[in-house]
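Q: Required output: the full structure, derived from the provided sequences and hints.
full-length UniProt numbering puts the first residue of the sequence shown at 1, with every later residue one more than the last.
Just so you know, the hints here were simulated from the structure itself, not pulled from any lab data. Incorrect hints may have been included.
[To be verified] The calculated SDA-like cross-link candidates involving lysine to any residue, where the alpha carbons are at most 20 Å apart (straight line), are:
#1 K77 with S489
#2 K99 with S489
#3 K187 with R170
#4 K872 with G918
#5 K924 with A866
#6 K77 with P531
#7 K924 with T498
#8 K877 with T740
#9 K168 with A190
#10 K400 with E429
#11 K877 with E860
#12 K877 with G820
#13 K331 with R163
#14 K168 with E49
#15 K77 with G412
#16 K168 with D194
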Amino acid sequence: MSDQRFVSPVFADRHIGPDDDSLATMLTTLAVPDLEALADAVVPSTIRETGSVEVLDLPPAASEVETLAELRAFAAKNRQMVQMIGLGYHETVTPGVIKRNILENPAWYTAYTPYQPEISQGRLEALLNFQTAVADLTGLDIANASMLDEATAVAEGMTLALRSSRSKSRRFVVDADTLPQTLAVLKTRAQPIDIELVIVDLAGGVDSLPVGDFFGILLSYPGASGAIADHTDIIAAAHERDAKVVVATDLLALTLLRAPGDIGADIAVGSSQRFGVSLGFGGPHAGFMAVRLDLQRQLPGRLVGVSHDADGNSAYRLTLQTREQHIRREKATSNICTAQVLLAVMASMYAVYHGPDGLTAIAQQINGKAASLATALAAGGVTMANEHFFDTVRAQVPGKSADVVAAARDAGINLWADGPDFVQVAISETTTDAHLAAVLSAFGVSEPIVAALDVIPAELARTTDFLTHPVFHNHRSETAMLRYIRKLSDLDLALDRTMIPLGSCTMKLNATTEMEAVTWPEFAGLHPFAPADDAAGMLELIAQLEHWLCEITGYAAVSLQPNAGSQGEYAGLLAIRAYHASRGEEHRNICLIPASAHGTNAASAVMAGMTVVVVGTDEAGNIDLADLHAKIDANARTLAAIMVTYPSTHGVYEETISDIAESVHAAGGQVYVDGANLNALVGLARPGVFGGDVSHLNLHKTFCIPHGGGGPGVGPVGVRAHLAPFLPNHPMQPAAGPVTGVGAVSAAPWGSASILPISWAYIRMMGADGLRRATLTAVAAANYIAVQLRDYFPILYTGHGGFVAHECILDLRPMTAQTGVSVDDVAKRLVDYGFHAPTMSFPVAGTLMVEPTESEDLVEIDRFIAAMIAIKGEVDKVAAGHWPVTDNPLRGAPHTAAALAGEWDHPYTRAEAIFPQGVVPAHKYFPPVRRIDGAYGDRNLVCSCPPIQAYAQ
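A: Below you can see the structure in the form of structure tokens.
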């Protein structure tokens, strides 16, 4: 039978790691005869649906060949156009060496967030390059390691200004020349937290500022119209009123324009999309934020810093705000968890590939063609609306904008009509003279294209250097670039090398067939604001995926707009808030959240204008029902919602979930079921049926979108029918959501649309039966690990019959109390065994949460079990005094290749350090650095490329 699986056309047989014989071994260990018996033993009958697979309206599983053919059919329905719409989205060229060796390379796209820095030095260096490039170009002191998109970056800049400004006002001034999607997200974000947006046309300069105080101001540079202006006086005037200044800008334009920091900006935000990342119908794209030095410790999102390891060598790590929402919960200043790491890596490599001279040449070419187009249009009698611009020409054509745009479409070019009287034409690095000639023809102009005068005034021209670090100069040849990318990927440990058993994060197979369509030009070349007809195939795929997700979850409607799980949480809570308001119950603002919940839950609730009340958990890890009912009673009139993760964050199917839902509903509240652990429910139970009103789903977990080193992610939100009118919508694409929706939560109408084919392909190839089998295999694998390790490490929480769900928590606290060996020691020692550590100290400090997923075969699972048992043996030697607590293989871990040579003064041997279990493997992973001193990096903050030893490795 084992031979048949290698010729089987059933994709599920390749996605699911254990074959029939392996599964039988696992089930025998669990003392259950088959997967259905396991389901009966583990999953509460109160939530299970009889024949739940049969009721799912999913097509039969397709083969990989059939799935690719269907995707090709979708792609063929999309219309490939030359995209000259602009508005924050531009055509770009992804250098082949970056496309093939990063975007299409599992060494990069299967990596997890670099919370274990010793095995993440490659992607951390790439992100440090990103931070350096952003800081240099914006002229500010420090930049973070990417945001979700430009619009949400602006929103984060607004709230950062609110926190840091000395003004007591809650007014935020926004220039009218702001990208429409940015303005929409700002409106969504401002309303729940009582920020008043004051939208003003600031073209008139300082005199245009409103009367009275405001805590911050947003300027666009260039503006949505393409105009560039000298904002120096406005910035100075804002500072005189104790307001912080946020500037939304374009990194490529900043190679020619004065940096925002040089004209006084406090915060600069934007998108790095045009640094080699395709349009992709709106995403994913890496946003950015850079700030002045006095704001560095309030910077949201992730920040890469430089520290040193145990040998004193320089090393990179995430610093300061890393997972700050998990630590601070309802006091967090941001709910950002997933960031756009893979896209930030691509953008950083684009900067490395081109260097400052190459980027400047591209910008000059763009600006020159824009100026030539404007000159020719003016010569042909067309009025130019802007005198100074970088890449976008705005033409005044009274009453004729639709005619011009239609004529351009006939020539295969998309332009932007801003009302009946204006047309905008955005130039990109892919624009040719033939494109310009076609645009002129659409305007009815026959003037020749000739070189034009400089349209960037001297007072706005950049005079300062940027990208001076050697990394942006030393990789001009493709050979050098290829080797640099390979060197960085070799430093890291990703899913292409080993199991990543992270509880709550679901690191499963990201099959190559699922990934193929991501780079197809028919999908990658779509502009999010082009006419919907251009994306007919993509929209059909999106509609199917929404339907399938509704079927799987039991909800009535799904929005794919949220581009991270945290944004899905936020959108779901906004829907609850709007629902209560529609019923005249605006006073309902209390959100109950169990103490064990993901930290983003509390942060999202606060952002949605709610007040968090924490519900305790009992000794078994379940919600404390007595405490729950007491808090429902105490807040009955104002109860808005409860947020529960199911199965629980403790990895248990709680028996009382339906009762909890009934109690909250009886008090007038709504039930939010966090979908982080949906991998334990698909095909078995549906949250929309067993009590949930709304859930977000992590497509980068359960539905196979790869984690990409910490992003991209997609966090769609599903709701029951009564909440459907309050899903997100978007001003640029009416089909993206209901008219009565809560507004935009992401910059693009369908969020990170270009990676949705991954999840579509996964569901299409698995079918209902395959999805159910995957769920039960994941549960079997987690229970198998729990049974095999429970005599060595106590299993902290179990459910009915002593079973866990799809993950188990190993309690290391008794071991630490007895021996002094910490959870950190065990995590770092696993690196020497060739493993990424499980989730550390979440949801309980001093524990490891292990999730094997359904994709790991029994050989790999047993290898992990053997490693943990061997580590326990090493701990026992410390306990027996064989090795001192301060000097043993665990405390010294991880060990680098350098440990093979030089002096050795440890009480354990080199062989014990480097080759645990007495085996010399054929393929040994060596971490590039030893254990990193995190506290030193926080005290001595260095977050851009220094001339450090780590660079010279």
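Q: What hint numbers does the structure not satisfy?
A: 1, 8, 10, 11, 14
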